[in-house]
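Put together the whole structure using the sequences plus the hints.
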Amino acid sequence: MFKPLALGIAISAAAMAFATPTLADYPERNIQGTIQWGAGGATDNVARSLTPHVEEILDTTVVLTNRPGGTGVIGMNHVMRQRPDGYNLLYGAENPQLYQLMGLADFSYDDMHTVNIIGQGLVVIAAPADSPYDSFKDVLEAAKENPGTLRMGGTGAGGLPSTVHAMVNAVDELDVRTVTFGGDGPGITALLGGHIDFMPLSLAAAKEQILGGQLKGLAVLTQNELESLPGVPPITDALPDIGSFLPWGPFWGVFAHEDTPDDIKATLEGAYEQAVNNEEFQDFLRNFGAEPLNLNGDEAQQYLDNWQSVTAWSMYEAGAVETSPEKLGIPRP
Amino acid sequence: MSDTISYLLMAWLDPQLLALTAIGTLAGIYVGAIPGLSVTMAASILISFTFSWDVNHALALIVGIYCGGVYGGSRTAILLNIPGAPSAVVTAFDGYPLAQQGEAGRAIGLSTVMSVIGGLFGTLILASTAPVLSDLALQFAPRDYFLIAVMGLLLVSTLSGKSLARGIFSVALGGIIGLVGMDPVTAQGRFTMGSIDLMGGIHYVVVMIGLFGVAEAFYQLHFLSKEPVRQKVDKIIPAFSMVLKYLPLSLRTGVIGVIVGALPGTGGDIASLFAYDHAKRTVKNPSKPFGQGAYEGLVAPETANNAAVGGAYVPMLTLGMPGDAVTAIIIGALVIHGLNPGPMLMIETPHIFWFTVGNLVLANIFLLIFGLTGIKIFTKVVELPKALLIPLILVLCVVGTYSLNSNMTEVYWMLGFGILGYFLKIFGFQMGPIILGVILGPLLDETYRQAMSSVGDSVSAFLLALVTNPLSLILTSVIVLVLLGNTPVKGWVVGQFQRSQ
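For the record, the sequence lines run as chains A and B.
Just so you know, we're using full-length UniProt numbering here: the first sequence kicks off at 1 and counts up by one.
Just so you know, we're using full-length UniProt numbering here: the second sequence kicks off at 1 and counts up by one.
The hints are simulated quantities; they were obtained by calculation from the structure and are not laboratory data.
Label pairs and their computed distance ranges (CB to CB):
(1) B:Phe427 with A:Glu173: 55 to 63 Å
(2) A:Lys137 with B:Ser458: 25 to 33 Å
(3) A:Pro147 with B:Ser500: 53 to 61 Å
(4) A:Gln302 with B:Trp12: 53 to 61 Å
(5) B:Lys386 with A:Glu273: 51 to 59 Å
(6) B:Leu9 with A:Glu227: 35 to 43 Å
Partner residues aside, some chain B positions facing chain A, computed with beta carbon under 8 Å:
(7) Gly201
(8) Leu319
(9) Pro343
(10) Asn405
This structure is a prediction, so every number in the text was calculated from the model and none was measured.
For every residue, glycine included, the Cβ atom is placed at its ideal position computed from N, Cα and C.
Structural data, given as structure tokens:
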């Protein structure tokens, strides 16, 4: 049933391509947006907040579907296997930049066209409100006194906490037990119950708990204190050397098939740039604990390369992965 | 105080909100009744749909869908032996036999009333003790979740039917199915055989739809010539005396539902399993033997899974932490609408809390109305000719599975499990224990590793923690007592006790 339909679409699309080579009418039908993470997560929230503005600009409907699983491999693989006609977009997070290093898949964002890097999430290291540690420096000292006893919350290999842990280990030493949770949410729940001692978290997930006094912010992963989180010192106070990795954080972007026609790429880039700039969406991002980036073209590529190189090399130097980034052609930062 | 009351009655007095709650509840019943169309999915679609709406309107609709959906799963469980949602798996055990005895109408009527009692009970607990209950939920360490999962494993004796050996085999099979996918700690593939499509694991709803939906449809082919059972539809609304008789059981299972629902990480599916087990252990003289149409077997799970809805809202409204998949999506909706779900939510926007409480009560009232009115037409489903019914079930199974993650591979898996389930059924295996394994396998894996890494991978420290922490000690004792209660030790202890008197 699906095949004749697909064939029909392909034939009509081909006929259209001959009739109007410029494809000036794009988009003439609904666009499918695939979110590589589950409903209710950060990527999902960003995608669902941004998309209504894009729909207004392109005057079409973007049908959003969550295709979670395998750290986003399944969703990305799906979009890469669709026709390169601009009607299938991927809403993704930072994870694909580490797929090759982690051996999860043999592709990365280099194999897709970047429509827009929407923004970057900030990172905070948090502890329970009644924790004996007041800053990340205290944690480092305690970990040196009793190596391998503090409990750090993690989200598995390649997750945000493991990357932050690797960065710290690349410039200092942090020997702790890692307790793995299904995500920021379950991790925060364990922090609130005092079942772990500290955890690196996305600010979007932890901000309300810190402002509400349920969690204590030990450090933010930035060079300077954040306006939105007063009183939480930047991590460079405890570890000046980590500054060379910063700014670093999880990011969200929109991607299309690499072979999409150039004029459609341009249309999409224009539309998403305008949508991300929308006042309402900018307010959402800031309230969400994220920095707007709104990058496309060379700037976006540069951002992606830099992110990949900083993360991959710090993980390799800290011994978190065995594959050398050099083998994958990832240059040193 | 007057503020609280005005927030509570917001959904009752605003005609738009009232209508949205009603529409949501009605839609939820049908979403829940169709295997694979899940509340989680409906809620996430609604988020995009309601983006430009006022946040209260969106919440009213989702509350309705949530309450209706949890209840709706019981409909198809009773009528067709196909649970529409994971939390209705046990409802089929006694509901379907009732339908075969021509009592489908009464079974649906009773489960409706009990669902509403459960839902209202859960809401009452939410309104009165939310902060206390969320503090209690936070006390559960990874090792306590591990103990709950072990307690869940013990349910195999309740779910196995005649052969315990077959039941244990089924749980183990389910456990292995549940472990397929990416290892949560090392990010390496487990049983994926290099396939990208298997990286995300096999969703337990896929297994459920295959084992219950498709396998049941195939199994029904054996009885093509059998006349459909004529359904009695005169006594649908249960007598007041009947409701009163089962009220104590429904309140006990309501407590189970609220607590299991409030724990982030366990929800209505596990709550209904525990409730059914509780009923089977404590009710000495059920209306009919369990598994052959005992009313108690309907009352327990149906009260518990609807009470779990109120429970799931507890951590969400007090801490901004999801109690289950649906509340995770509601949190997402609040974020998109510019609210800040977190510990300050109740202080900064108290109306959200009381509005939700009032709305839950309203949704349960609509549930009672819609649940008791459409039954006559609904029971006709069972009287449909098999030639219509079986293809219809198969189509719904495929549509439902595809709509889960829009992944065609999952549809093939679902059909594969359907064929497997058909043969297992023929050889006397029960489907319940497989689902139990699929749900508990990953939970055991995750929580055991969390508990072990918390104590530095020392087995002795882990075992010590099980008996030194008060909460863990209670859970450990329950497990030990249940185990001993099924061995000759129990007879010996009882004997000694009687002799000493």
